[in-house]
Amino acid sequence: MSQKIVNPLEHFLATALREVGEVSQSVDREQVAQIASVIRNAEAGGARVHVTGVGKPEHLAHYVASLFASTGTPATFLHATETLHGSLGQLTPGDIVIAISNSGETVELIDAAKALTAFGARVIAVTGERQSTLASASEFVLEARVNEEGGPLGLAPRASILAALLVLMALSVELQASKGFSREDYHQRHPAGSLGRRSKT
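Here the working numbering is used: the first residue of the sequence shown is 639, the next is one more, and so on.
None of these hints come from the bench; they were simulated from the model. None of these values were measured; they are calculated from a predicted model. Don't take each hint at face value.
[What the hints assert, rightly or not] EDC-like mimics (lysine to aspartate or glutamate), calculated; alpha carbons at most 16 Å apart, straight line:
| hint | residue 1 | residue 2 |
| --- | --- | --- |
| 1 | K817 | E681 |
| 2 | K694 | E743 |
| 3 | K752 | E786 |
The task is simple: from the sequences and hints, build the whole structure.
What follows is the structure in structure tokens.
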């Protein structure tokens with residue numbers, strides 16, 4: 639029987655802080671730099687970047703694609719289940735696909751990854767399980783492992799989403815920095831709102 643959590647809010651905040659801190663320490667810096675180099679070289683050859691996931695990671699994929707695009711790496715969201723129903727045509731051989739799954743065992747995403755690879759795409763898995771099926775089906779793996787989610791039941795993706803987000807934000811920083819992305823470059827992509835005003839030179 640699971641132990642009752644006396645204060646679920648405090649338990650989650652403490653868990654999230656601990657898990658994110660551990661991921662921050664364990665993230666493979668060399669792998670992040672290598673993947674950033676792979677993406678840059680693919681872009682130089684005319685390839686594009688897509689981000690995908692199923693369930694909560696799908697929502698994360700939308701954000702990551704938007705973050706990449708606004709910081710110098712054009713990227714689009716790819717609907718995983720639709721990939722097998724025609725959206726594979728969104729890609730061209732050589733494109734990069736970042737696939738997000740904590741367990742690495744999401745059937746729809748695994749099927750999509752296999753189809754993408756067969757089509758000639760290069761798949762990067764972001765997962766909490768390096769030995770997972772998704773990781774095995776991918777060319778590169780970025781690990782974002784957590785020990786617990788931190789919610790009242792320990793089931794809904796919470797800490798695992800934070801971990802994947804942290805790893806992918808680290809990749810976005812590496813990409814942005816390695817391209818010499820300037821304030822003017824940012825303003826061109828984000829001219830409106832308070833960020834638009836702050837980035838205007």
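Evaluation of the provided hints:
A hinted pair counts as satisfied when its Cα atoms are at most 16 Å apart, and K817 with E681 qualifies at roughly 12 Å. Among the hinted pairs, K694 with E743 is consistent with the structure: their alpha-carbon atoms are about 14 Å apart, no more than 16 Å. For the suggested pair K752 and E786, the alpha carbons sit about 29 Å apart, so the restraint of at most 16 Å is broken.
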